[in-house]
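Trainee: Let the sequences and hints guide you as you build the complete structure.
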Amino acid sequence: MYNDGMSTTEIAIAGNVSSRRITQILKKNNVELRPRGHWKRKYHINEDYFKHWSPNMAYILGFFLADGTITEITQTVSISQKEIGILEQIRDEMKSNHPIGKNKYGVYFLNINSKIIKEDLMNIHGLTPNKSKTVEFPYVPEEYMHHFVRGYFDGDGSINYKKYVVTFVGGSELFLSELMKVLVKQQLTPSLKDRNSHYRLFISGRKSIQTFSKWIYKDKTLYLQRKFNEFNKEKLAYNELKDRAIKVTKEAVLERRRIFLNLLKVNGCVKLTSEKIGISPYTYKTWLKKDRIFEQEFNSILNERE
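Number 202 in the working numbering belongs to position 202 of the sequence shown; there are no gaps in the numbering.
A few of these clues could be false.
Pairs of lysine-lysine residues, derived as DSS-like cross-links and limited to a Cα-Cα distance of at most 27 Å, are as follows [said to hold, decoys possible]:
hint	residue 1	residue 2
1	K102	K193
2	K82	K133
3	K193	K285
4	K133	K51
5	K233	K185
6	K193	K95
7	K163	K214
Label-pair ranges, simulated between beta-carbon atoms [to be verified]:
hint	residue 1	residue 2	range
8	T221	Y161	31 to 41 Å
9	Q296	E255	16 to 26 Å
10	K220	N299	41 to 51 Å
11	E255	R292	12 to 22 Å
12	V165	K27	43 to 53 Å
Since the hints were derived computationally from the structure, they do not count as laboratory data.
Glycine is no exception: its CB is placed at the ideal position from the N, C-alpha and C atoms.
Mentor: Right under this line is the structure:
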């Protein structure tokens, strides 16, 4: 890895050890060390890349929010992914020649040494080291939003075509709550669940996942072919698709109440929320009478918006 051009810092990050330890190992094996700062002359990149919005920049920013890390001590930012192809495309788009490495778990990574890029990600787009549980949804111009969401989906999203479910996974409730608002604007009815150590955001329904697909892949440039192909397994025309009929089991009703409250937080309108999940005013009024917890959360949401 070192002889391929990677720095001791990059190798240390991949191996989860200190740079000093890597240097000791290289010396022990009689590997000739390069002068400090040598990588600065060897590698290049468009350091102003994250200063200017474009479809590809929005995608890479979303991808980085999902699968990227910023080191606290060094000037290194890193993106990791199991599929090397998308990292090669990202590297080419950013006009970089930084090497792509592979860790012991079989995951590929692209380490970029740039103080400017690190500072732009932090100061312009709000990213921080150890961002997984605290990252906020960044400002993204509306025209680039679907590219940004596609990037985040390729990093931290999945599709189960057989079950007609799209899932996002993340540690930041704040980020996923804002993402849910974005999806609601696309006439989708996402749900957000707390899984103790992380959160999951779901979009379910045969037609709903295709609505999502049509939006994020509009004018697509960078994207993971594997996930794109999953959506293309659908054989029916879009206008022939329907989501499943509403279930009436106890579990399904509880889930519908939770989705109702999540959507109410987003739009603050009881009528609009009822229409989106397909219930009548009588239904939610019945929930208020029979479910004390639902009533408390319902009133709390409306009081916060006053």
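Trainee: Verify the CB-CB distance for K220 and N299 against the hinted window 41 to 51 Å.
Mentor: Distance hint for K220, N299 holds at roughly 43 Å.
Trainee: For the range 16 to 26 Å, tell me whether the beta carbons of Q296 and E255 fit it or not.
Mentor: 18 Å, holds
Trainee: K102 and K193 were given as a pair; does the straight-line alpha-carbon distance stay at or below 27 Å?
Mentor: 33 Å, violated
Trainee: Does K95 sit within 27 Å of K193, going by the straight-line distance between their CA atoms?
Mentor: 39 Å, violated
Trainee: State, for the Cβ atoms of E255 and R292, whether the hinted interval 12 to 22 Å holds or is violated.
Mentor: 18 Å, holds
Trainee: Does the Cβ distance between T221 and Y161 fall inside 31 to 41 Å?
Mentor: 23 Å, violated
Trainee: When you check the alpha-carbon spacing of K163 and K214, does it fall within 27 Å?
Mentor: 18 Å, holds
Trainee: Could you see if the CB distance from V165 to K27 stays within 43 to 53 Å?
Mentor: The hinted range 43 to 53 Å holds for V165 and K27, with Cβ atoms some 52 Å apart.
Trainee: Does K285 lie within 27 Å of K193 when you go C-alpha to C-alpha?
Mentor: OK: K193 and K285 at ~24 Å, within 27 Å.
Trainee: Is the straight-line distance between the alpha-carbon of K133 and that of K51 27 Å or less?
Mentor: Holds - the C-alpha atoms of K51 and K133 are around 25 Å apart, at most 27 Å.
Trainee: Hint check: K233 vs K185, CA-CA at most 27 Å. Holds or violated?
Mentor: The hint holds at about 25 Å.
Trainee: Within 27 Å, alpha carbon to alpha carbon, are K82 and K133?
Mentor: Roughly 22 Å separates the two Cα atoms, so the pair holds.
Violation of the numbered hints given earlier is confined to hints 1, 6, 8; the remaining hints are satisfied by the structure.
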